[in-house]
Every structure is written in C-alpha cells, then in structure tokens.
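Mind docking chain B on chain A? Use the hints.
Read off the chains here:
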Amino acid sequence: MTDTVERKALTREQLLSAYRMMRAIREFEERVHAEFATGEIPGFVHLYAGEEASAVGVCSNLDGRDTIASTHRGHGHCIAKGVDVSEMMAEIYGRQTGSCHGKGGSMHIADLSKGMLGANGIVGGGPPLICGTALAAKLKGTGGVSVAFFGDGASNQGTTLESMNLASVWNLPAIFVAENNGYAETTSSTWSVASDNIADRAAGFGMPGVIVDGFDFFAVHEAASEAIARARAGGGPTLLEMKFTRYFGHFEGDQQTYRAGEVEHARAELDCLTRFAARVTETGELTRSDLDAADAEVAATIDRAVDEAKAAPLPTEADLLTDVYVRY
Amino acid sequence: MARTITYREAINEALAQEMERDESVIIMGEDNAGGEGSPGEMDAWGGVLGVTKGLYHKFPGRVLDTPISESAFIGAAIGAATAGMRPVAELMFVDFMGVCFDQIYNQAAKFRYMFGGKAVTPVVIRTMYGAGLRAAAQHSQCLYPLFTHVPGLKVVLPATPYDAKGLMTQAIRDNDPVIFFEHKALYDLAGPVPEESYALPFGEANVVREGGDVTIVALGRMVHTSLEAAEQLAAAGVECEVVDLRTTSPLDEDTVLESVENTGRLVVVDEASPRCNIATDISAQVAQQAFGALKAAIEMVAPPHTPVPFSPTLEDLYIPSAAQIADAARKTMKGGKH
Chain A
321 MTDTVERKAL TREQLLSAYR MMRAIREFEE RVHAEFATGE IPGFVHLYAG
371 EEASAVGVCS NLDGRDTIAS THRGHGHCIA KGVDVSEMMA EIYGRQTGSC
421 HGKGGSMHIA DLSKGMLGAN GIVGGGPPLI CGTALAAKLK GTGGVSVAFF
471 GDGASNQGTT LESMNLASVW NLPAIFVAEN NGYAETTSST WSVASDNIAD
521 RAAGFGMPGV IVDGFDFFAV HEAASEAIAR ARAGGGPTLL EMKFTRYFGH
571 FEGDQQTYRA GEVEHARAEL DCLTRFAARV TETGELTRSD LDAADAEVAA
621 TIDRAVDEAK AAPLPTEADL LTDVYVRY
Chain B
196 MARTITYREA INEALAQEME RDESVIIMGE DNAGGEGSPG EMDAWGGVLG
246 VTKGLYHKFP GRVLDTPISE SAFIGAAIGA ATAGMRPVAE LMFVDFMGVC
296 FDQIYNQAAK FRYMFGGKAV TPVVIRTMYG AGLRAAAQHS QCLYPLFTHV
346 PGLKVVLPAT PYDAKGLMTQ AIRDNDPVIF FEHKALYDLA GPVPEESYAL
396 PFGEANVVRE GGDVTIVALG RMVHTSLEAA EQLAAAGVEC EVVDLRTTSP
446 LDEDTVLESV ENTGRLVVVD EASPRCNIAT DISAQVAQQA FGALKAAIEM
496 VAPPHTPVPF SPTLEDLYIP SAAQIADAAR KTMKGGKH
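Heads up: the sequence lines are chains A and B, in that order. Per the working numbering, residue 321 is the first one in the first sequence, and the count goes up by one each step. Per the working numbering, residue 196 is the first one in the second sequence, and the count goes up by one each step.
Careful: at least some of the hints might be erroneous.
[Stated by the list, open to error] A few chain A positions that, by computed beta-carbon distances, are all more than 12 angstroms from chain B:
1) 337
2) 353
3) 433
4) 445
5) 459
6) 471
7) 472
8) 473
9) 486
10) 531
11) 571
12) 579
13) 606
14) 607
[To be verified] Using C-beta positions, here's what the derived DEER-type ranges look like:
15) B:525 - A:354: 17 to 27 angstroms
16) B:301 - A:524: 22 to 32 angstroms
17) A:433 - B:197: 55 to 65 angstroms
18) B:219 - A:491: 44 to 54 angstroms
Hints are computed from structural coordinates only; laboratory data are not their basis. All residues carry an ideal CB built from backbone N, CA and C; glycine is no exception.
Chain A with its partners taken away, still in its complex shape (with noise of 0.2 angstroms):
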C-alpha cells in the first residue's frame, strides 16, 4: 500500500519520537508475548501489536492536559501516552512496584497523573467516561481534550452511542477513536458492525466521521491533528475510524482458527513500523542509523522493564487492605 495523505512537516524530533514510541509498544509487546509463553505472566493479556499508529498518531498530538480512556486492548495507549514501561511491566507481573501497585494487572493499568484514566476490562466502559473528562475541561477552560480508544466490538455497545450523541449535545472536545481491528473476539466486524464504516454512524449523532488507514502513522497524525484543533477550538466531537487488524490473538492463548493469513500480509505489506522507516528514509529526514540507534535504545529499556519486573518484591497482605475507605 502507498501513502497518499500529504502531510504537515513533523520536526526530526517529533518524527524520531514518534518511531521511538511505536517500536516501544512493539517490542513491550512481543516480549510480554513470549514472557506470556513461559507461564510466568498470570491473567489475561491482550496485545497491540499491528495498531501502534493508531495510539501514537492519536497521542503525539494530546499533552498534559488532554486524557484517554483505553481497552482490555490497552498496553499501546498507556505507552503513548506516557505512562512509564517499567511500571507497566511490573504490573503486568503483579508486582508491588506497577502502575496499580499489582492490583489493576494488564487491563487496568492507569496513570492520571499523565491523563490515562486506565485501560478498561468492560466494552465501552471508556466513552462515558471521557464525556466527562471533556465537560469537565470545556467547564474549567483548560483548553483540554479528551479522547476515547475503543474497538469495533465497543461501537456496538449503548455506551458508545449514547457518549457519542452526547458529546455532540453537549458539544464537547472529545474525540471517539474507533479501533476497528476487525475482530470483537472472533467475530467478525464486517459481520457485527451493520452499517458499512463505523465512521458512518457519526452522521447520525451529529459529528464528522473520518476513515483512516489505521496502519499509516501519517495518515493517523494527519485526521486527529484536525480533529483535536477542531475540539480545542470548541468546534465539538469527531469520530475516528482506525482500519487495521491485531497481529496477536484476542488474548494470549487465543488459538485463532477464524482467522485466515491476514495478519502475515499485514506484517509484509501493511505494517506501521516498515512503512514509517520507508517513508522518512526516502525523504531524508531520517537515516537508518536514525532508526536502528532508536531500535537499540528501546530494546534496552525493554529489557530492563522486565529484568526490574521480575526482580521486584509482590506485594504482601498488608496490601490486600489499603486504598479502601472502611474495612470488613
């Protein structure tokens, strides 16, 4: 696939920034694959990898005013926001050192101290609350923006509808980022999803609705940079809809015998990271020294994410009974 979107000039630090992120939540995210593998990871975790345009073309635009809500799909969407990969590793160990001090696990992991109000263990559990992340913003004038990260399996929830028609009613600077990865679980979302584009149902609460190819970090930049201007400057919600497929199961562990070859083209031919080193070695704004160097220093902090995991203390009973208010 080509790129056709022309893009606004991005500076050599916003474009080696962006390609550092991506490659930090796929490679945190192939490791916490084969980490899964050895039985050391306890839970559920369901991976990112194949999206990471979406949540770091979404997120290069947002700052600390800005929050997100996330998905049981979350580990991309804390990277890119900010949330720090050696808690977030931890976390996922269980570990007292995590994001959630190893009560949250991977579909809870939350930092609001950098605007990520958690991923979410619950279908749509996320758009009703970024309406009031945006109220709250558009109330106290801070110029904020919030943004809600859900797959195609969330835009069939009530939730996500009613969020999104009162978004538009209360004309709030929220931004609805559907993540149509193809897949709600097993199910197919040409199947599950009615109208031929999610981004379709915008027309119906009132707000543009944007296709976008979710493998294309340019193109991502490109719909929420104009979408997250529109927001800020009180012009109201957009819809956003990311096409994309998810290079892993629907958790680890997931067999995937409903899926045929897809996800081989997609890493061949579609693939996020290949096609943003393509693009910006052409052009010359980047070299792959540029890149590899980059490569090389997210690999190490990797590493040391899940060496620090593994060595850090769990926590104790003393820990079953803090942050509650009264205790039985």
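Positioned in the frame of chain A, the structure of chain B alone reads:
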C-alpha cells in the same frame, strides 16, 4: 454407573439434550459459536471458555452469535421468552451485568407479577463468576447476592458436574427467569454424571457431608473449600455437616435450620463481598428462626470488602480458604455467645 465428565461438559450436555427435546430452546451470546463473518473456522470458540462448543453445528440456526451489545441481546432473549421461545443467553462474565441490568431486573423479573400472572418468561441467563483466574477486578466478582435480592429471579449456583447438568435442565424447563452462575474455576472439575437427562428441583439444598458438631453452609466453589476444611477438622475429631445451598432463590431454609437444630453451631461461607451477601442472609434466617438451638455465635467466612485484586499473591489472600473456615468452626466449638 455414571461416567465421569467435567462441569463444562455437563452444562454442554444439558444444553444439547434440552435442545434435542424442545425446539423452542435456542442459545445466544458473544462468541457462543465464534467466527461469525470471519474467514477461518466457524464455532471457533464455543464460548470464551468453550462451554457451548459443538452446539452450533449440531443445531443449525439455533446458536446465535451476537455483537457486543448485552442490553440488546439479553433483552432480546427475555422478549423471545415471552413469545414462546426458551432462550439460553450468555452474559459472558457476570461483571458485565452493569451493561444490561435493566432488562434483567426491571423487565424479566417483573413480568409475571406486574402483569397479573399473565406472562411467563422462561429465559435462562448463563454467566461466569468468581475469583481465582487472575482475571482482576472487572472479571472476577460473585455478584449473585444482587440477583438474589430481586424478587422474580431464580438464582442457581451448581458446585458439581452432577448438579450443573440437573440444575441446567431444570433452568431451561422452568417458566421463570433463571440466572445460572458457573464458577470459572470449576469448569475442569470432573465428577460422575448420568448420561440420561434429569432435572434437579430448585430450592433443595444438598447435604454433601454429614456431621454432628458444626454446620457449614456454603455455595458454589466454596462447597469444595468447605469440604476441605471439614476433612482437616475431622482429623482433629470435629465432625462438620456441609450444606450446599445449590440455589439462593428459592432458598431451602428447612435443610439449613434442620442441620443447625442438630449441631447448634453454624459457619456460613460465601465468596461474595461480606456485606449483604448470602452469608449475612443465612445468618439472619438462622438467628431469627433457630436462635434457641445455637450454642455459639454464628461465624461468617467471606473475602474482605475490596474489589478482587489482580496479583496472585493478593488474590490468594482474598479468596476464603479452608484454613479460615476451619478456624471459624473451631471458634464455634469453643462456644460462648460472644
């Protein structure tokens, strides 16, 4: 002699036999087959933990996958039940009740009474519950007390493969809405289950172990933890009677009261959060109706009043243990109405 099959297989078999027997029985839920619209295998999952696997091909057109829209399809199951079908809908994890509870507690639960006895709503809502899989705060809750609280719902919690099959068969044949709780840590539990179809009546507790010293009332997975505690206590000469409630609505008070009349001591074990749970309800019933029989204060064993923690270290501390149950029983043996 019955074969040995798992809790998961027992539920699947009850569903298959009732679908065979009655064409109005249909199944619906997220990925209950799996693979709808996808390029690969259909019936890819048979439910997220494989309980409905195989039914899609066995009963063409009667296993319906759904979009992730619990309000719509749980409500549709309830509506279909009022129109002559016997739907078995899966609310995957009971934690997701928040997305669709109106259809259950304001609609299904109310029809029979509110419409003056003119409606029947033979719907079954299957749902997974319970801690132990490191599934964290939004995929591990018990929540059956919330359903037990609502008049018009029947609430069923099988502890064994035998009960799972018999109670599922009854649930499907029953004319009232039934919430059928499946503990996800019990799916691989094997036990004897007859091949032929059979129904176990609701509101009949099961005395799973007899003993004259202490009554332990439990439900779901906690039945097994209580039996473990009873074994430990027997080694020390304390004989416990373990009562498995099997259904919390209707509730078999008589079996509980009869046992307490015999032993004079009661421990109630519940995996649900400690306030307003089944343990507090049973304790209140016994205090009210068998106060004179009690030789010691009633003991309750439940998790702490917190969300379910993720870290295995914390989750293991959270779940009521056999040691805690044994301690509670020993406390009642010391006597004294403290």
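Here is what the structure says about each hint:
No Cβ of chain B comes within 12 angstroms of the Cβ of residue 337 of chain A; the nearest lies about 31 angstroms off, and the non-interface call holds. With a least CB separation of 17 angstroms from chain B, residue 353 of chain A remains clear of the 12 angstroms interface cut-off, as annotated. With a cut of 12 angstroms on Cβ distances, residue 433 of chain A stays outside the contact zone with chain B, its closest approach being about 20 angstroms. Distance check on residue 445 of chain A: its Cβ comes as close as 8 angstroms (rounded) to a Cβ of chain B, failing to clear the 12 angstroms threshold; non-interface status is violated.
Non-interface call for residue 459 of chain A relative to chain B: holds, since the shortest CB-CB distance, roughly 27 angstroms, exceeds 12 angstroms. Not every Cβ of chain B is farther than 12 angstroms from the Cβ of residue 471 of chain A; the closest lies at roughly 8 angstroms, contradicting the non-interface assignment. At the 12 angstroms boundary, the C-beta of residue 472 of chain A falls inside the reach of chain B, the nearest C-beta of that chain being 9 angstroms off. For residue 473 of chain A, the requirement that its beta carbon stay farther than 12 angstroms from each beta carbon of chain B is not met, with the minimum near 4 angstroms.
Taking the minimum C-beta to C-beta distance to chain B, about 17 angstroms, the non-interface status of residue 486 of chain A holds against the 12 angstroms cut. With a least beta-carbon separation of about 19 angstroms from chain B, residue 531 of chain A lies farther than 12 angstroms from that chain, consistent with its non-interface assignment. The claim that residue 571 of chain A lies off the interface is violated: its Cβ sits roughly 9 angstroms from the closest Cβ of chain B, which falls inside the 12 angstroms cut-off. With a least CB separation of 5 angstroms from chain B, residue 579 of chain A falls inside the 12 angstroms interface cut-off, contrary to its annotation.
With a cut of 12 angstroms on Cβ distances, residue 606 of chain A stays outside the contact zone with chain B, its closest approach being about 37 angstroms. The claim that residue 607 of chain A lies off the interface holds: its Cβ sits roughly 39 angstroms from the closest Cβ of chain B, which is beyond the 12 angstroms cut-off. At about 47 angstroms, the beta-carbon gap between residue 525 of chain B and residue 354 of chain A misses the expected band of 17 to 27 angstroms. Hint check: residue 301 of chain B to residue 524 of chain A, Cβ distance near 27 angstroms, so the stated range 22 to 32 angstroms holds.
In this structure, residue 433 of chain A and residue 197 of chain B meet the distance hint of 55 to 65 angstroms, their C-beta atoms being roughly 58 angstroms apart. Restraint check, residue 219 of chain B to residue 491 of chain A: a C-beta distance of roughly 49 angstroms satisfies the suggested window 44 to 54 angstroms.
Of the numbered hints given earlier, the model fails hints 4, 6, 7, 8, 11, 12 and 15; all others are met.
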